[in-house]
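Let the sequences and hints guide you as you build the complete structure.
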Amino acid sequence: MNLLTLSLADVRHRKLANSLHLILLTLGVAIITALLLISSEIGGRLERDAEGIDMVIGAKGSPLQLILSTVYHLDIPTGNIPLDEASRWAKNPMVAQAIPLSLGDNTKGFRIVGTTTDLVQHYQGRLRGGRLWQRPMEAVIGSEVARAGLKLDQPFVGVHCLSAGGHAHADHPYQVVGVLEPTGTVLDRLILTSLDSVWEIHAQHHHDADDHDEDAAEDHAADHGAEGEPAMPGDAGAAYDPSREITALLIQYRSPLAAISLPRMVNSQSKLQAAVPAFETARLLQLLGLGFDTLRALAGVLIVTAALSAFIALYNAMETRQYDLAVLRCLGASRGRVVAILWIQAIALSTAGTLLGLLLAHAAVEAIGRLANTARGVDLSGLVVLPAELPILLLPLLVGSVAALIPAWRAYRSDIAATLSGA
Amino acid sequence: MFATHSLQFRYSPSAALSLPDVHLASGEHCLLLGPSGCGKTTLLHLAAGLLRPSDGAVVVGGTDLGGMRGTALDHFRGRNIGIVFQRLHLIPSLTVLQNLTSAQYCAGLEVDEAAARAALSRLGIGNKASALPGQLSQGQAQRASIARAIVNRPQLILADEPTSSLDDGNAMLVLDLLVEQARQCQAVLLIATHDARTKYAVDRRIELGAAA
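These protein sequence lines are chains A and B, in that order.
All residue numbers for the first sequence refer to the numbering used here, where the first residue is 1 and numbers rise by one.
All residue numbers for the second sequence refer to the numbering used here, where the first residue is 1 and numbers rise by one.
Where hints are given, some of them may not hold.
As the list claims (entries may be wrong) - Label pairs and their in silico Cβ distance ranges:
id: 1; chain 1: A; residue 1: 388; chain 2: B; residue 2: 10; range: 39 to 49 Å
id: 2; chain 1: A; residue 1: 397; chain 2: B; residue 2: 205; range: 48 to 58 Å
id: 3; chain 1: A; residue 1: 300; chain 2: B; residue 2: 61; range: 53 to 63 Å
id: 4; chain 1: A; residue 1: 390; chain 2: B; residue 2: 137; range: 50 to 60 Å
id: 5; chain 1: A; residue 1: 388; chain 2: B; residue 2: 127; range: 49 to 59 Å
Claimed, not checked - To give an idea of the interface, some chain A residues facing chain B are shown, with a C-beta separation under 7 Å as derived from the structure:
id: 6; residue: 9
id: 7; residue: 10
id: 8; residue: 44
id: 9; residue: 324
id: 10; residue: 327
id: 11; residue: 328
id: 12; residue: 331
id: 13; residue: 333
id: 14; residue: 334
id: 15; residue: 416
id: 16; residue: 417
Hints are computed from structural coordinates only; laboratory data are not their basis.
All figures in this text were calculated on a predicted structure; none of them were measured in a lab.
We treat Cβ as the ideally placed atom computed from N, Cα and C, and that holds for glycine.
This is how it looks when you write it as structure tokens:
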């Protein structure tokens with residue numbers, strides 16, 4: 001027999017009413033936690049993917065589209081740019097590093113990216129097995145691609161266009177020569193190869209282009225680093241051949257000062273477009289943020305409802321518990337103890353609701369992360385705990401205390417004699 | 001052992017009640033008789049320290065209740081005064097045994113399950129220790145509430161209309177139990193009642209007049 005027994009006996013005695021409030025509280029906490037998790041993981045992912053990429057140079061079009069297609073690999077590219085013009089910018093003294101990208105094909109929905117090994121170093125990719133590509137048609141795959149079934153030394157065929165189901169380049173199979181460790185970035189979802197591989201395929205592809213001119217218009221922009229070019233197999237040194245095309249250049253500035261002049265220079269002095277990931281990402285998150293804010297407000301309403309219901313429940317419970325508490329007073333319990341009994345009951349209920357809510361949110365986010373196709377872009381994990389969740393743990397203290405306040409005050413003030421004889 | 005001196009209680013500024021002085025020695029039993037509304041329950045509540053008199057004093061075992069406040073008074077009541085309510089007031093969410101141990105706990109005494117079980121056995125409901133009050137018959141619940149009143153071996157046992165809802169047989173049984181338990185505790189027993197049947201069980205009586 002102690003305070004806890006006295007408090008919890010009532011919870012156990014009226015299971016239905018109490019579990020109802022528990023469910024309401026749990027749902028409210030779960031929604032707000034899940035929102036926190038999802039928005040932070042999406043935001044964090046976008047940030048990691050764009051880290052160290054100060055500017056992207058690509059074909060004219062929507063800057064957001066350029067960033068989405070070349071940094072996050074979510075959208076289709078705006079088009080291609082001549083390699084000689086791109087390399088002119090790459091040699092600009094304000095540029096510390098320029099990584100070329102050439103997009104166009106996929107396998108099983110994973111994009112095949114023609115690039116240099118700098119991209120692997122940029123995302124700090126490490127090989128789990130095999131080696132980096134050295135010759136055309138050799139490919140290194142990200143961890144998620146490996147998880148989807150591609151293995152070391154396995155040949156695979158690139159499919160024209162950026163999502164599954166296009167024309168297959170069956171006569172030009174790739175060979176997996178390396179598998180990367182997970183990096184938690186977009187690199188995990190990419191198949192990397194040399195620029196030559198992409199050029200080689202599409203040079204060939206161009207010769208029999210008439211066969212599939214019905215290719216969706218969207219592919220067309222991204223199509224070909226190799227318009228009218230003869231295939232040059234084995235030409236590993238051709239990465240900056242001036243007569244070829246690439247999709248984009250990922251630029252890292254040599255000094256922060258470049259941020260002021262370089263994008264403007266690119267946009268005004270050439271037919272190319274420069275887009276700044278940080279700026280476009282902020283714009284994207286702002287758009288998403290509206291949705292998150294609405295959901296957050298909804299969760300807030302739910303939590304207030306839950307708190308209100310816990311409050312009403314406790315208040316009503318007081319009407320019936322007035323006698324119990326008066327009896328306890330008769331048996332010698334002090335006012336403080338009676339208040340403590342109520343408070344513990346309220347805190348126990350709301351703590352349980354909060355913990356269940358946190359658990360539910362993490363389980364739900366983890367489930368969404370596992371069920372949703374990983375190729376969709378952001379892989380969600382419910383196994384991460386955010387610092388932002390700490391304030392949520394204070395919630396039961398707040399809700400419970402507020403809910404117990406008036407009933408406790410009534411219990412504190414109650415006239416035992418009047419309560420008992422009024423029975 | 002138990003005494004009241006020129007007690008007065010004001011229900012409101014205009015309605016005051018004067019109560020006769022009561023002096024009871026240790027182990028003495030007494031009936032508080034009178035029609036409904038004459039102040040029997042008020043006197044019991046004053047005796048238990050649940051109400052404060054507007055004038056006069058209540059002394060239990062040499063201690064003036066008026067001299068104590070708050071927690072001290074609550075603990076004194078828990079340890080020295082056992083109350084049997086008219087409507088029993090067993091706590092429905094606790095088992096019969098827990099109702100008894102909560103009396104020990106609330107009084108600030110050590111929780112002694114053996115003593116609580118012994119009290120239940122003395123009243124013939126030892127086998128109902130883990131039942132909830134809602135599962136008891138009226139007679140068993142009556143016994144459980146007496147057991148709770150005596151579990152801390154109080155010096156003063158107060159009973160408010162303990163027999164009013166019982167038939168003749170059970171009324172006599174309950175009175176006998178109260179008297180018997182009070183005797184075992186060497187406690188003063190004060191029973192407020194308008195039930196004529198109780199007159200056969202207890203000799204000493206105090207008659208209260210109609211409401212003043």
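Evaluation of the provided hints:
1. 388(A) / 10(B): 39 to 49 Å: violated, 59 Å
2. 397(A) / 205(B): 48 to 58 Å: holds, 56 Å
3. 300(A) / 61(B): 53 to 63 Å: With a Cβ separation near 58 Å, residue 300(A) and residue 61(B) satisfy 53 to 63 Å, so the hint holds.
4. 390(A) / 137(B): 50 to 60 Å: At 53 Å between Cβs, range holds.
5. 388(A) / 127(B): 49 to 59 Å: holds, 56 Å
6. 9: Hint holds; residue 9(A) Cβ to chain B Cβ min 4 Å, cut 7 Å.
7. 10: holds, 5 Å
8. 44: violated, 48 Å
9. 324: holds, 5 Å
10. 327: holds, 5 Å
11. 328: holds, 5 Å
12. 331: Holds: closest Cβ of chain B sits about 4 Å from residue 331(A), inside 7 Å.
13. 333: OK, holds: residue 333(A) within 7 Å of chain B, min 4 Å.
14. 334: It holds, given that the least Cβ distance between residue 334(A) and chain B is near 4 Å, below 7 Å.
15. 416: For residue 416(A), the interface hint holds, since the closest Cβ of chain B sits about 5 Å away, which is under 7 Å.
16. 417: At 4 Å from the nearest chain B Cβ, residue 417(A) passes the 7 Å test, so the hint holds.
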